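Letter by letter, the chains look like this.
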Amino acid sequence: MSHVVQTANGADHVHAEQPNYLEAGHTVKSWLLTGDHKRIAVLYLISTSIFFFVGSILAGLIRLELTSPAGVLLENETYNKVFSAHGIVMIFFFLIPAVPAVLGNFILPIMIGARDLAFPRLNLASWYVYMIAGLLAIAGLLMGGVDTGWTFYTPYSSLYSNSQVTLVILAAFLAGFSSIMTAVNFIATIHKMRAPGMTWFRLPLFVWSTYATSVIVVLGTPVVAITLCLVMLERVWRIGIFSPELGGDPVLFQHLFWFYSHPAVYIMILPAFGVISELFQAFTRKRVFGYHFVAFSSIAIAALGFIVWGHHMFISSQSMYQGMVFSLVSFLVAVPSAIKVFNWTATMYKGHVRMQTPFLYALGFIGLFTVGGLTGLFLACMGTDEYLTNSYFVVAHFHYVMVGGAIMGFLGGIHYWWPKMFGRMYPEFWGKLSAIAIFIGFNVTFLPQFIVGFLGMPRRYHYYYFAPEFQIYHVLSTAGATVLGFGFMLPAFYLLWSLKKGAKATANPWGAHGLEWQTASPPIVTNFVETPIVTDEVYDYTHVDEFEQQRATREMDSPGAPGLQTKEGEVIEEEVH
Amino acid sequence: MAAITHATDEHGHGHEEGLHHQFEDMEQQSETYLVGMWSFLVSEVMFFGAMFLAYTLYRWKYQPDFHAAHEELSVLWGGINTTVLLFSSFTMVMGVHFAQLRKKDWVIRMLGATIVCAFVFLIIKFTQEWPVKFEHHLFPGANFGTEGHLNGANPKAAELFYSLYFAMTGFHALHIIVGILLLGVLAMLWKKENPLVTKDYIPTELIGLYWHFVDLVWIFLFPLFYLIPS
Amino acid sequence: MNYSMSPPQASNFAAPHDWVFYILLALTIVFTLIVGVAVVIFAARYRAGTKVNRARPVHEHMTLELTWTIIPLILGLFMFVAGAKLFVYMRTPPKDAMNIFVVGKQWMWHAQHENGIRENNTIHVPVGKPVRLTMISQDVIHAMYIPAFRVQYHVVPGRYTQLWFTATKVGTYHMFCAMYCGNQHSEMGGYVYVMEPGEYAKWVAAGGEDVPRLTMAQEGARQWNKLGCGNGNCHNEADTARGPSLFGLLGKTRTFADGSSAKADEAYIRESILQPYNHITKGYDNTMPAYEGQLSEEDVLALIAYIRSLGGAGTPQTNINAQKGTEPSGGYERPNRNMSVGAVEGQLPSRPGPRTGNLSVGAQSMQGQANHE
Numbered sequence: 016m017s018h019v020v021q022t023a024n025g026a027d028h029v030h031a032e033q034p035n036y037l038e039a040g041h042t043v044k045s046w047l048l049t050g051d052h053k054r055i056a057v058l059y060l061i062s063t064s065i066f067f068f069v070g071s072i073l074a075g076l077i078r079l080e081l082t083s084p085a086g087v088l089l090e091n092e093t094y095n096k097v098f099s100a101h102g103i104v105m106i107f108f109f110l111i112p113a114v115p116a117v118l119g120n121f122i123l124p125i126m127i128g129a130r131d132l133a134f135p136r137l138n139l140a141s142w143y144v145y146m147i148a149g150l151l152a153i154a155g156l157l158m159g160g161v162d163t164g165w166t167f168y169t170p171y172s173s174l175y176s177n178s179q180v181t182l183v184i185l186a187a188f189l190a191g192f193s194s195i196m197t198a199v200n201f202i203a204t205i206h207k208m209r210a211p212g213m214t215w216f217r218l219p220l221f222v223w224s225t226y227a228t229s230v231i232v233v234l235g236t237p238v239v240a241i242t243l244c245l246v247m248l249e250r251v252w253r254i255g256i257f258s259p260e261l262g263g264d265p266v267l268f269q270h271l272f273w274f275y276s277h278p279a280v281y282i283m284i285l286p287a288f289g290v291i292s293e294l295f296q297a298f299t300r301k302r303v304f305g306y307h308f309v310a311f312s313s314i315a316i317a318a319l320g321f322i323v324w325g326h327h328m329f330i331s332s333q334s335m336y337q338g339m340v341f342s343l344v345s346f347l348v349a350v351p352s353a354i355k356v357f358n359w360t361a362t363m364y365k366g367h368v369r370m371q372t373p374f375l376y377a378l379g380f381i382g383l384f385t386v387g388g389l390t391g392l393f394l395a396c397m398g399t400d401e402y403l404t405n406s407y408f409v410v411a412h413f414h415y416v417m418v419g420g421a422i423m424g425f426l427g428g429i430h431y432w433w434p435k436m437f438g439r440m441y442p443e444f445w446g447k448l449s450a451i452a453i454f455i456g457f458n459v460t461f462l463p464q465f466i467v468g469f470l471g472m473p474r475r476y477h478y479y480y481f482a483p484e485f486q487i488y489h490v491l492s493t494a495g496a497t498v499l500g501f502g503f504m505l506p507a508f509y510l511l512w513s514l515k516k517g518a519k520a521t522a523n524p525w526g527a528h529g530l531e532w533q534t535a536s537p538p539i540v541t542n543f544v545e546t547p548i549v550t551d552e553v554y555d556y557t558h559v560d561e562f563e564q565q566r567a568t569r570e571m572d573s574p575g576a577p578g579l580q581t582k583e584g585e586v587i588e589e590e591v592h
Numbered sequence: 003m004a005a006i007t008h009a010t011d012e013h014g015h016g017h018e019e020g021l022h023h024q025f026e027d028m029e030q031q032s033e034t035y036l037v038g039m040w041s042f043l044v045s046e047v048m049f050f051g052a053m054f055l056a057y058t059l060y061r062w063k064y065q066p067d068f069h070a071a072h073e074e075l076s077v078l079w080g081g082i083n084t085t086v087l088l089f090s091s092f093t094m095v096m097g098v099h100f101a102q103l104r105k106k107d108w109v110i111r112m113l114g115a116t117i118v119c120a121f122v123f124l125i126i127k128f129t130q131e132w133p134v135k136f137e138h139h140l141f142p143g144a145n146f147g148t149e150g151h152l153n154g155a156n157p158k159a160a161e162l163f164y165s166l167y168f169a170m171t172g173f174h175a176l177h178i179i180v181g182i183l184l185l186g187v188l189a190m191l192w193k194k195e196n197p198l199v200t201k202d203y204i205p206t207e208l209i210g211l212y213w214h215f216v217d218l219v220w221i222f223l224f225p226l227f228y229l230i231p232s
Numbered sequence: 357m358n359y360s361m362s363p364p365q366a367s368n369f370a371a372p373h374d375w376v377f378y379i380l381l382a383l384t385i386v387f388t389l390i391v392g393v394a395v396v397i398f399a400a401r402y403r404a405g406t407k408v409n410r411a412r413p414v415h416e417h418m419t420l421e422l423t424w425t426i427i428p429l430i431l432g433l434f435m436f437v438a439g440a441k442l443f444v445y446m447r448t449p450p451k452d453a454m455n456i457f458v459v460g461k462q463w464m465w466h467a468q469h470e471n472g473i474r475e476n477n478t479i480h481v482p483v484g485k486p487v488r489l490t491m492i493s494q495d496v497i498h499a500m501y502i503p504a505f506r507v508q509y510h511v512v513p514g515r516y517t518q519l520w521f522t523a524t525k526v527g528t529y530h531m532f533c534a535m536y537c538g539n540q541h542s543e544m545g546g547y548v549y550v551m552e553p554g555e556y557a558k559w560v561a562a563g564g565e566d567v568p569r570l571t572m573a574q575e576g577a578r579q580w581n582k583l584g585c586g587n588g589n590c591h592n593e594a595d596t597a598r599g600p601s602l603f604g605l606l607g608k609t610r611t612f613a614d615g616s617s618a619k620a621d622e623a624y625i626r627e628s629i630l631q632p633y634n635h636i637t638k639g640y641d642n643t644m645p646a647y648e649g650q651l652s653e654e655d656v657l658a659l660i661a662y663i664r665s666l667g668g669a670g671t672p673q674t675n676i677n678a679q680k681g682t683e684p685s686g687g688y689e690r691p692n693r694n695m696s697v698g699a700v701e702g703q704l705p706s707r708p709g710p711r712t713g714n715l716s717v718g719a720q721s722m723q724g725q726a727n728h729e
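Residue numbers (the working numbering), protein chains in the order written: chain X, 16 to 592; chain U, 3 to 232; chain C, 357 to 729.
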């Protein structure tokens, strides 16, 4: 795609046709040895999608089993391995990498006006480490799996479980290193590679979120890495740190584990928050309300998120007073998230709201994350947590924030940046249908779980034949899961379809603000023909309005209509000084 | 809105040698590498930090037993190792200094000295320190403590002490080994006058930072394990 | 089909807990509605193309920010205080609470009353009296969970933990293990029986008679599993490199490494467990751990009974792995898997009291057929 750009001094400047990043090299080697952040993002997209699919199958098995109080297909041991695998695959191999390594990798450098990330080879290496970790995890699952739950509590995991604990822990350990590598890359990139004029407070909020996430990754992941290592050592060499039989303390494991795993949930949600900010600004065509508050709330969440881990341990024999500190800070950490939700909602006020697929995901996020976040308060509150912890209430809560929050954010981002990544539009009807199916299916799946948890059903339970009063809620939940599964499957089909058959996308199909929309769809290898110089404030739609509105209106009415692709010689009046 | 204009220099031809394409100039590149390395070292601090925390908690709980168990550690050899590593940090600093001055022969000598120190450290550890403990059945496991040498410590607490000792010094030794490999590669590049290192002192500085970190970990390990007051 | 949306309130904590819970629920609903309604209204009113006043759009508003920061903060702090107070109440047993000691182990609960009564997978308590459970685990982390009482706490190996309650309503209530502990985690449960003082006194006088007793061989089988005698390729059905088979051992003659031999009677078996190094069977090494000091004489007798039951005529035992319980050891009887949805219509017993010897309570199919697996 050629770009005709007007430069500061007004001279036309035609560049020779540069291939986009997808076309620059068709060999397998050019993909597997790429340094291009965009290609690496696509590699991650393929692999995280595969893991999401595996994790979903496992979820389907769980939901199937739970329709009947005495199970349907599986024995106890197998069921325990299935739910453990579901958690491990979804958390370590999908939720933690997805938004940063797919969307972050692709769009972050472009958003700040850079040609690539700071360390392209480190980026590629992070994918390989992730793949090796993933293969080890799959091997572990095929060789019998683990039945410890994704939380690997000792001494069960270190001394009692007869399953592939060492292998799967090794996989999780390596996956952690992959995310550290990505985080180091992002931190260096954001600090040092912003285009001229891109000051910190002109950064899109997605960058702020990604930055906060990366800091958490660098500080937290090593702790869980060494903790899991010590569990491996305990298993293999009886180097006892966590087992009372060896003089150790099982609660120490919990402290070390949750020191990472609580911030980990912010690793999973903060990038999604960043996506939501971008979606709100794009589909209300308005600067996000309270930009500074939203930006700083990400930092506050990252900081506070490190001192709440004990809310997973109120009943684990830590002292009441320790617990109170954790409970208090847990209520505090809810506030920045609330601030974000209110600011996003306020963004819509006096905006120009377009209810397109990415925005449906954003709105779904608002509803589901609000419920998920508020139900977290039941668990931050010590008195109710004593009752609700380890029950299905917790399962419902974290699925609301992880699926209703993080995955909605991921899907919203995919649908928003898909035209940029692949130069194609997907059919809007199917996009909307999936978003709605996912929203409805999700609620039907997980709302009943709040109730059955409140009734006292513990989590990780295979059977409940002694409590048949639970069954109705499980049947309802499984029915919802079927709709949810259908909703998740649809994008796989129409997105893939769009790669070949979708309408070709222009540089800025949404008429949105952002450097990424100033360059071709898909971008050339170096992202920009020339390094941009940023002069506008972030999300300033006044200039975008003047030009993009016309172009956008044409596109909204009939995507793919002729005349929308940039032609040779067409002047794009992108710069109005 | 961004103005797409001419970049600050030419269209990407005639780059400075050693400047990667994603960077505008060497200064940006150097600074970025330093930010990256420091971020990585922060993650390493957290990695060791968790073990230091576990150590602190158990020592607080089992103070007298840790004291008794630690008497088996040789302050002499530990002290020698500490001196060796401190000296190696000095030679590393000199190496970076000479790299900035582009004095290839001196860089290689300093890197060589650092590598030698590292080997001395490992040799002392793996010939004078660890084997003695294996012989005395002080490695955690089924045989732990069956040859005495517990000095009256509660066996479970002593086993914990040694679990932490071997885990922490073991991970540290792993980091030394990785450091030796990195230093070796660096020295080779200098020997071959590879412009990657001769034109830009940053790679040498980055490895220097890593080496100082590894030394720093030992500076904490030594007093914590070898110098426990009663 | 019966279904409910809230659990029974059967302890002193239930009402205060549910108050806090319902306040949180109200706050959740209110804030979700506020946000949800705002979103819907804005999406409709400010839909692109609508002719409404968009002049002077606002991008920030300090007062608004402070308002929606401070109000949630204050509400949060209120809930923190409410929750902390409730928790302190839940964690502070009265000094005169009745003590019951609980050991959790894979996969059952064992309770001991101070008066000597023991029960498995059940706890009988009088209504209206504070009860403190002092708990410890024999193996991995478990959790004692009694939903109707709103109490839950981890049961940890190597240290005692406790929880307390005062039952306020006569009845039978679920007791669950709520910390994942392996294979039969979901079946590691039973019932709490809250009884009128008179009934309770009668129960105590009868020695807690409805405790199901295990035969000695069953007790020995549990010891065998717990100690892992069949693990690590040691004592299997056939001789292995590590250890001889114990099938049909009683009455056999064993030859030892030093050439001597002896008839395998109870005394020999006892010595082989407690001090195996005294007589190593020919062809084997001195690798078996000695259990002297670790097993009570009762345990040893039970093991001998179990070993006696091994082999001989009858179906050979499958390899017993310490982790694989083939029978539920919790307080339930596992129903036949081939039941259709809805067929498990078990009712909890309406009246507490001594049960008629059989373990299955509330888990019978409509056909009344309870199947062992």
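There could be a bad hint or two in this list.
[As the list claims (entries may be wrong)] Lysine to aspartate or glutamate pairs mimicking DMTMM-like chemistry, simulated, CA-CA at most 20 Å apart:
hint, chain 1, residue 1, chain 2, residue 2
1, C, Lys582, X, Glu92
2, C, Lys461, X, Glu260
3, U, Lys193, U, Glu207
4, U, Lys201, U, Glu131
5, X, Lys365, C, Glu470
6, C, Lys485, C, Asp495
7, U, Lys194, U, Glu19
8, C, Lys638, C, Glu593
9, C, Lys582, X, Glu260
10, C, Lys558, C, Glu593
11, U, Lys106, U, Glu46
12, U, Lys158, C, Asp452
13, U, Lys63, X, Glu92
14, X, Lys365, C, Glu421
15, C, Lys582, C, Asp495
16, U, Lys158, X, Glu92
17, U, Lys105, U, Asp27
18, C, Lys461, X, Glu484
19, C, Lys582, C, Glu470
Since the hints were derived computationally from the structure, they do not count as laboratory data. These numbers were taken from a predicted model, which means no experiment stands behind them.
Structure-based check of all given hints:
1. Lys582/C to Glu92/X: Distance ~18 Å between Lys582/C and Glu92/X Cα, so the pair holds.
2. Lys461/C to Glu260/X: holds, 15 Å
3. Lys193/U to Glu207/U: The hint holds at about 17 Å.
4. Lys201/U to Glu131/U: Violated, because 42 Å separates the two Cα atoms, which is more than 20 Å.
5. Lys365/X to Glu470/C: Status violated; Cα separation ~71 Å.
6. Lys485/C to Asp495/C: Cα-Cα ~31 Å, so violated.
7. Lys194/U to Glu19/U: holds, 17 Å
8. Lys638/C to Glu593/C: At roughly 18 Å apart (the allowed maximum being 20 Å), Glu593/C and Lys638/C satisfy the hint.
9. Lys582/C to Glu260/X: Given pair Lys582/C, Glu260/X holds - Cα atoms ~15 Å apart, limit 20 Å.
10. Lys558/C to Glu593/C: violated, 47 Å
11. Lys106/U to Glu46/U: With Cα atoms ~30 Å apart, Lys106/U and Glu46/U exceed 20 Å; violated.
12. Lys158/U to Asp452/C: violated, 36 Å
13. Lys63/U to Glu92/X: Violated: Lys63/U and Glu92/X sit about 37 Å apart, past 20 Å.
14. Lys365/X to Glu421/C: Holds. Lys365/X to Glu421/C sits at ~18 Å (cutoff 20 Å).
15. Lys582/C to Asp495/C: holds, 9 Å
16. Lys158/U to Glu92/X: violated, 32 Å
17. Lys105/U to Asp27/U: violated, 24 Å
18. Lys461/C to Glu484/X: Cα-Cα ~27 Å, so violated.
19. Lys582/C to Glu470/C: violated, 26 Å
This entry does not satisfy hints 4, 5, 6, 10, 11, 12, 13, 16, 17, 18 and 19, going by the numbered hints stated previously.
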